[in-house]
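2 protein chains.
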Amino acid sequence: MPPLSRCAIHTITTKSWSLATAVDKYRAAGVGGITVWRQALEGTTAKNAGELIRNAGLRVPALCRGGFFPATDAAGRQAAIDDNRRCIDDAAALGADMVVLVCGAVPGMPLRDARSMITEGIAAVAEQARQANVHLAIEPLHPQYAADRSAVSTMKQARRICEQIDLRADDGAPVVGIACDVYHVWWDDALEAEIAIAGAKGYLHGFHVCDWKVHQTDPLNDRGLMGEGCIDIPGIRAWIDRAGFPGFYEVEVFSSRWWGSDQDAYLAEIVRAYEEKT
Amino acid sequence: MPPLSRCAIHTITTKSWSLATAVDKYRAAGVGGITVWRQALEGTTAKNAGELIRNAGLRVPALCRGGFFPATDAAGRQAAIDDNRRCIDDAAALGADMVVLVCGAVPGMPLRDARSMITEGIAAVAEQARQANVHLAIEPLHPQYAADRSAVSTMKQARRICEQIDLRADDGAPVVGIACDVYHVWWDDALEAEIAIAGAKGYLHGFHVCDWKVHQTDPLNDRGLMGEGCIDIPGIRAWIDRAGFPGFYEVEVFSSRWWGSDQDAYLAEIVRAYEEKT
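Read top to bottom, the protein sequences are chains A and B. Following the working numbering, the numbering of the first sequence begins with 781 at its first residue and continues without gaps. Following the working numbering, the numbering of the second sequence begins with 781 at its first residue and continues without gaps.
Any given hint could turn out to be false.
Any copy will do: because identical chains look the same in the list, a pair fits if it lies in one copy or spans two.
Straight-line distance between alpha carbons at most 30 Å, and here's what the computed BS3-like set of lysine-lysine pairs gives [unchecked claim]:
| no. | residue 1 | residue 2 |
| --- | --- | --- |
| 1 | K795 | K981 |
| 2 | K936 | K981 |
| 3 | K795 | K993 |
| 4 | K805 | K981 |
No lab work stands behind these hints, which were simulated from the structure alone.
Bound conformation, chain A alone:
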């Protein structure tokens, strides 16, 4: 059973709660971390949010999310870079270890071109991240989102971008790495091998869990809690552990069904699913 101290919950998972409520509830539930989505910072500042979270004794593995680099014109690409710069600033002020990057895609744009723009965009902001002591984590998204959300669909594609940029922090660790989310990559026959490579190269920045329901009513907001779907989450976590991953197991669930339920009972279910099915 994974220790609760290594559990972090994404604020989007219980998105009706304010940041302050989420911090209180997560702490009371005994989890060790909270990953903050940017919309949870509305009405406060990243610095104040960071203090609130630190005072509660929680850590912040990540700020979600930057990315969306590809665009059809230079102005759009620059706007994305500017937004990612603000995101890195916020992550530093918040005290987050990393910014998670949902890399983006433009319908009809060749995926290869989109991946080039993604690489260029990350390269443009990586030095700022290095100086801010913030990691950048490329999150490969399931191929069902390749049209408009991420031209990076696999761990291998993410790894190649990390290798191309190859920027190191003072301690020698790569600034740009990967957030591995079981929902997005469970189907990939290269997953075990790529997790091992990412671990060996220091690219394994984040690990997200939820589950793939066999019959989804919605491609975005019908994800399952761990155990509600078909992913062998403990198996993938074993690969992650074997690769030397020291970070949080982050629970990130988009679910209209769970969002519409009693959120205290839901949090209890999250903890149960984390302990028994992760």
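Model the placement of chain B on the given structure of chain A, informed by the hints.
Positioned in the frame of chain A, the structure of chain B alone reads:
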């Protein structure tokens, strides 16, 4: 512009039409082939259907579909093999060039195990197909269907199964090959290379077209006509042509939206989308 003589339409595309109606309408529209789904044979026999189609001057690239080999027990796997044997018999009686295989998956079963069962299942029926002069075409399905429809998600996985089985017809051509459907494989960065390999090895048995709508309302039945989505279909067709594919460009569209529309107007749109966007 691809010639209409190389266009085949899947009966499922206009599924409210009887087989006789579909044959009449497709012929009148000038297309060269019809791929028959098994449900279109209800109320007739494969032999009679084959005569009906031949008398209309149409060819039959494929019977859809066999497959679904993985099962949790031996009886289930044998039932799948028996069903595939019937499907091969029907394809031979119909005069179809191939049986398309949607290979199957069982929620929670490791995909690797499922692929082993798929390979065993295909191997068990391949000799019968050879003797019947019917090809078998593995159709890799999009990873969104990996949980319950196909543990074969990529051209590369399909190709490896072809290589393992490696059964040849009297003319030396492989019995087991691949049906490449743009909807399922467009996102794969290995697609161009795998099409070339499949062509060189004689595995390119079928080529299906439709389109990936960026915002799908349903993961099964909201596919687009060519041009309605984000796939570079002419680009993929150029790879297919370069690989020496001599067969039909088969239009296979699952769409509640189009099924609910006037089917004669829809057929005209199919022909237009085939000529202008394929």
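TODO: Against the structure, test the hints numbered earlier, and report the numbers of the ones violated in rising order.
DONE: Those not satisfied are hints 1 and 4.
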